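Letter 124 of the sequence shown, counting from 1, is numbered 126 in my numbering, and no numbers are missing.
Among the hints, erroneous ones may be present.
[What the hints assert, rightly or not] Beta-carbon label-pair distances, calculated as ranges: (1) ASN9 with LYS83: 40 to 48 Å; (2) ASN141 with THR98: 38 to 46 Å; (3) ASN9 with SER84: 28 to 36 Å; (4) PHE132 with ASP49: 31 to 39 Å; (5) ASP51 with GLU76: 14 to 22 Å; (6) THR98 with CYS69: 30 to 38 Å; (7) GLY62 with LEU119: 24 to 32 Å; (8) GLU102 with LEU131: 17 to 25 Å; (9) GLU117 with LEU61: 43 to 51 Å.
Worth flagging that the hints you see were computed from the coordinates, not collected in a lab. This one's a predicted model, so the numbers in the text were calculated from it and none came from an experiment. Heads up, the beta-carbon is just placed ideally off N, CA and C, and yes, glycines get one too.
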Amino acid sequence: MKYKLQNSIAFKVSQTANKLNNDFNKVLNNYNIAPEQRATLEIIQNDKDINQTKIAQILGKDKTTICRSLTSLEKKGLITKSEIKNDKRVNILKLTKKAEEVLEESKESVYEYREKLSQSLNKDEIKMLFSLLEKITKNV
Numbered sequence: 003m004k005y006k007l008q009n010s011i012a013f014k015v016s017q018t019a020n021k022l023n024n025d026f027n028k029v030l031n032n033y034n035i036a037p038e039q040r041a042t043l044e045i046i047q048n049d050k051d052i053n054q055t056k057i058a059q060i061l062g063k064d065k066t067t068i069c070r071s072l073t074s075l076e077k078k079g080l081i082t083k084s085e086i087k088n089d090k091r092v093n094i095l096k097l098t099k100k101a102e103e104v105l106e107e108s109k110e111s112v113y114e115y116r117e118k119l120s121q122s123l124n125k126d127e128i129k130m131l132f133s134l135l136e137k138i139t140k141n142v
């Protein structure tokens, strides 16, 4: 029996994202960190003026989810949050030495995983995939 959802773009994208996330979780399991947490650390590492709102926009998540993720990272000793003097709503996010070590230790595994995903597609296909995903994202 064929289900209508099998022809749904949303279902196929979600199914693929779930498979990727589960597979990437296995890669990061040795580092005691989830894919979204590692992405957050990588974002903080590369943008010294990053805040919760920007992270939410980059990851396509709501601010509440990112707030929970940041709290978890802080409890793990991977980030510090400090309030801006005149605005308690905005936190300055910084990586700890432990986070820098986790990023460094997991760098090769992450690189290999990303390369493995790219191997089945040529450069034009990757460009087209990104273009199509961006087009879908703009319509949502």
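These are the hints, each one checked on the structure:
Take ASN9 and LYS83: their Cβ atoms lie about 44 Å apart, and the range 40 to 48 Å holds. At roughly 39 Å, the beta carbons of ASN141 and THR98 sit within the given window of 38 to 46 Å. Our hint of 28 to 36 Å for ASN9 and SER84 is violated, since their Cβ atoms are close to 49 Å apart. In this structure, PHE132 and ASP49 break the distance hint of 31 to 39 Å, their C-beta atoms being roughly 21 Å apart.
Distance hint check for ASP51 and GLU76: the Cβ-Cβ separation is about 19 Å, which falls inside the suggested range of 14 to 22 Å. A C-beta distance of roughly 18 Å is found between THR98 and CYS69, which places it outside the suggested range of 30 to 38 Å. Between GLY62 and LEU119, the C-beta spacing of about 18 Å breaks the proposed range 24 to 32 Å. A C-beta distance of roughly 32 Å is found between GLU102 and LEU131, which places it outside the suggested range of 17 to 25 Å.
The hinted window of 43 to 51 Å between GLU117 and LEU61 is violated, with their beta carbons roughly 22 Å apart.
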